[in-house]
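Novice: Please model the entire structure based on the sequences and the hints provided.
Position one of the sequence shown corresponds to residue 1 (the UniProt record's numbering), numbered consecutively onward.
If you are wondering where the hints come from, they were derived from the structure by calculation, not from laboratory data.
Some hints here could point you the wrong way.
Label-pair distances were calculated between CB atoms; the ranges are [what the hints assert, rightly or not]: (1) 25 - 62: 34 to 42 Å; (2) 25 - 56: 36 to 44 Å; (3) 73 - 50: 21 to 29 Å; (4) 57 - 25: 19 to 27 Å; (5) 25 - 48: 31 to 39 Å.
Even for Gly, the Cβ is constructed at its ideal location relative to N, Cα and C.
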Amino acid sequence: MPRGCSAIALSHGMNDSGQFVLDFNDTRYLPFEGIPVNDGGSLTLSFPDATDRQKAILQSLNDIILHIRYTIRS
1 MPRGCSAIAL SHGMNDSGQF VLDFNDTRYL PFEGIPVNDG GSLTLSFPDA TDRQKAILQS
61 LNDIILHIRY TIRS
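Specialist: Okay, structure coming up:
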């Protein structure tokens with residue numbers, strides 16, 4: 001993640017951009033922009049407010065599929 005950032009918020013991820021507002025003219029970093037390709041970090045998914053049915057669904061998941069698109073510039 002960008003320098004000084006320890007967490008980001010993503011949308012629900014159902015075939016969307018994964019961001020609240022996608023503005024390519026914004027001067028701020030996009031999520032994950034600037035991370036080295038060989039970064040040894042980790043990605044943790046957290047659902048602290050999940051209750052009842054949502055919690056049961058999350059606990060029953062066997063796999064989570066992430067679709068990642070990236071561009072490498074030299």
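Novice: Looking back at the numbered hints, which does the structure fail to meet, lowest number first?
Specialist: 3, 4
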